[in-house]
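**Student:** Each chain, letter by letter, is given below.
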Amino acid sequence: DTAVSQTPKYLVTQMGNDKSIKCEQNLGHDTMYWYKQDSKKFLKIMFSYNNKELIINETVPNRFSPKSPDKAHLNLHINSLELGDSAVYFCASNPGGPTDTQYFGPGTRLTVL
Amino acid sequence: SQQGEEDPQALSIQEGENATMNCSYKTSINNLQWYRQNSGRGLVHLILIRSNEREKHSGRLRVTLDTSKKSSSLLITASRAADTASYFCATDGGNQGGKLIFGQGTELSVKP
Numbered sequence: 001d002t003a004v005s006q007t008p009k010y011l012v013t014q015m016g017n018d019k020s021i022k023c024e025q026n027l028g029h030d031t032m033y034w035y036k037q038d039s040k041k042f043l044k045i046m047f048s049y050n051n052k053e054l055i056i057n058e059t060v061p062n063r064f065s066p067k068s069p070d071k072a073h074l075n076l077h078i079n080s081l082e083l084g085d086s087a088v089y090f091c092a093s094n095p096g097g098p099t100d101t102q103y104f105g106p107g108t109r110l111t112v113l
Numbered sequence: 001s002q003q004g005e006e007d008p009q010a011l012s013i014q015e016g017e018n019a020t021m022n023c024s025y026k027t028s029i030n031n032l033q034w035y036r037q038n039s040g041r042g043l044v045h046l047i048l049i050r051s052n053e054r055e056k057h058s059g060r061l062r063v064t065l066d067t068s069k070k071s072s073s074l075l076i077t078a079s080r081a082a083d084t085a086s087y088f089c090a091t092d093g094g095n096q097g098g099k100l101i102f103g104q105g106t107e108l109s110v111k112p
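Protein chains in written order, with the working numbering: chain A, 1 to 113; chain B, 1 to 112.
Isolated chain B (complex conformation):
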């Protein structure tokens, strides 16, 4: 069954604004990852947060994880048109042999 659910499904903002995407999952996890997919391309890893971490930063990206609520958020600050893409969260679903379980993604559109 699908593990991650992203919210919102689509988000449209102006350049310079912040974008927040949320992800909820169902089972216990070892880690949660965020990926970006540009149109017609493969997924690119953005950030990994482990179950014992609450917050992680990478450049303009900030990820939080609340294991009690089984949820994570991805914040992109000072967005740029080049951030336009689909963003997916993925969990390892606990001990499931290394497979990632993806949500359906948030489609982010950043207008110049």
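This is chain A alone, in the form it adopts within the complex:
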């Protein structure tokens, strides 16, 4: 009965590689998000999709490309990984209103060597 799930939980890879993180929510929410949490626990929004449409795109390098095949899924593809990409990436969802509670996935810890 997992609400927001992410795979993989851990990802260790070499610089320059391309990797993807997947996210799925079974809450029927319209809006999904990707956040990046750095080593100091600072959490920053990267992208937001509402019903498969991109609505928030923060200042994120073009190497990061989100993709939403349907409103229950939001994947994150990262090209040419760099050391600075090492972080924990969280997916979240909410019903869509700006005042709504967000539901977070368990996170994907990405380590770039």
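Think of the hints as simulated: they come from the structure by calculation, not from any bench.
Positions of the beta carbon are idealized from the N, C-alpha and C atoms, including for glycine.
Misleading hints may appear alongside valid ones.
[Unchecked claim] Far from chain A by the CB rule (all over 10 Å, computed), these chain B residues:
no.: 1; residue: Arg54
no.: 2; residue: Ser73
no.: 3; residue: Ala78
no.: 4; residue: Ser109
[Unchecked claim] Only part of the chain B face toward chain A is listed, based on derived beta-carbon distances under 7 Å:
no.: 5; residue: Gly42
no.: 6; residue: Leu43
no.: 7; residue: His45
no.: 8; residue: Lys99
no.: 9; residue: Phe102
no.: 10; residue: Gln104
no.: 11; residue: Gly105
[Said to hold, decoys possible] Below 27 Å or equal to it, Euclidean Cα-Cα: the simulated DSSO-like pairs (lysine-lysine) are:
no.: 12; chain 1: A; residue 1: Lys44; chain 2: B; residue 2: Lys26
no.: 13; chain 1: B; residue 1: Lys70; chain 2: A; residue 2: Lys41
no.: 14; chain 1: A; residue 1: Lys22; chain 2: A; residue 2: Lys71
no.: 15; chain 1: A; residue 1: Lys41; chain 2: B; residue 2: Lys69
no.: 16; chain 1: A; residue 1: Lys36; chain 2: A; residue 2: Lys22
no.: 17; chain 1: B; residue 1: Lys26; chain 2: A; residue 2: Lys36
no.: 18; chain 1: A; residue 1: Lys44; chain 2: A; residue 2: Lys67
no.: 19; chain 1: A; residue 1: Lys52; chain 2: A; residue 2: Lys67
no.: 20; chain 1: A; residue 1: Lys41; chain 2: B; residue 2: Lys26
no.: 21; chain 1: A; residue 1: Lys44; chain 2: B; residue 2: Lys69
no.: 22; chain 1: A; residue 1: Lys40; chain 2: B; residue 2: Lys26
no.: 23; chain 1: B; residue 1: Lys56; chain 2: B; residue 2: Lys26
Once you've looked at the hints, dock chain B against the given chain A.
**Tutor:** Here is chain B on its own, set in the frame of chain A:
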């Protein structure tokens, strides 16, 4: 720019004591939320307080909001070892399309 600033950055107390964490923010808001993050886990929503509310309770949690000072506090009463976690405030930053802006969190350690 970062919206929320939590204070203190770290707090260590004994079981049974109360824990108070503060959050300050910079812009007008529609609401402010508090989340908890256990080590190695995702964030869990605790409580949401709207800009026209001054205080809200949920179990052992009490949240206050002072929009004139752009600040909020989270009080956990009768703390337990299981309350050990990082606590984050998040604001909607006014009308910013539904995105939440998080502070850097307060790391709470409750010793048994």
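**Student:** Just checking, Arg54(B) versus chain A, shortest CB gap more than 10 Å?
**Tutor:** Given a closest Cβ separation of 17 Å, the condition holds.
**Student:** Do the numbers back the hint for Gln104(B), that is, is its least Cβ distance to chain A under 7 Å?
**Tutor:** 5 Å, holds
**Student:** Lys44(A) and Lys26(B): Cα distance at most 27 Å?
**Tutor:** 16 Å, holds
**Student:** Given the proposed pairing of Lys36(A) with Lys22(A), does the C-alpha separation stay at or below 27 Å?
**Tutor:** Cα-Cα ~14 Å, so holds.
**Student:** Straight-line Cα separation of Lys40(A) and Lys26(B) no greater than 27 Å?
**Tutor:** Since the Cα atoms of Lys40(A) and Lys26(B) sit roughly 21 Å apart, the hinted pair holds (cutoff 27 Å).
**Student:** Is the Cα-Cα distance between Lys56(B) and Lys26(B) 27 Å or less?
**Tutor:** 21 Å, holds
**Student:** May I ask you to check that Ser109(B) keeps its beta-carbon over 10 Å from the closest beta-carbon of chain A?
**Tutor:** 14 Å, holds
**Student:** In terms of Cβ atoms, is chain A entirely out of 10 Å range of Ala78(B)?
**Tutor:** 25 Å, holds
**Student:** Within 27 Å, alpha carbon to alpha carbon, are Lys26(B) and Lys36(A)?
**Tutor:** 21 Å, holds
**Student:** Given the hinted pair Lys41(A) and Lys69(B), is their Cα-Cα distance within 27 Å?
**Tutor:** 25 Å, holds
**Student:** Close enough to count: is the Cβ of Lys99(B) nearer than 7 Å to one in chain A?
**Tutor:** Where the cut-off is 7 Å and the nearest Cβ of chain A is about 5 Å from Lys99(B), the hint holds.
**Student:** Straight-line Cα separation of Lys70(B) and Lys41(A) no greater than 27 Å?
**Tutor:** Holds: Lys70(B) and Lys41(A) sit about 22 Å apart, inside 27 Å.
Every hint, counting from the list given before, is met by this structure.
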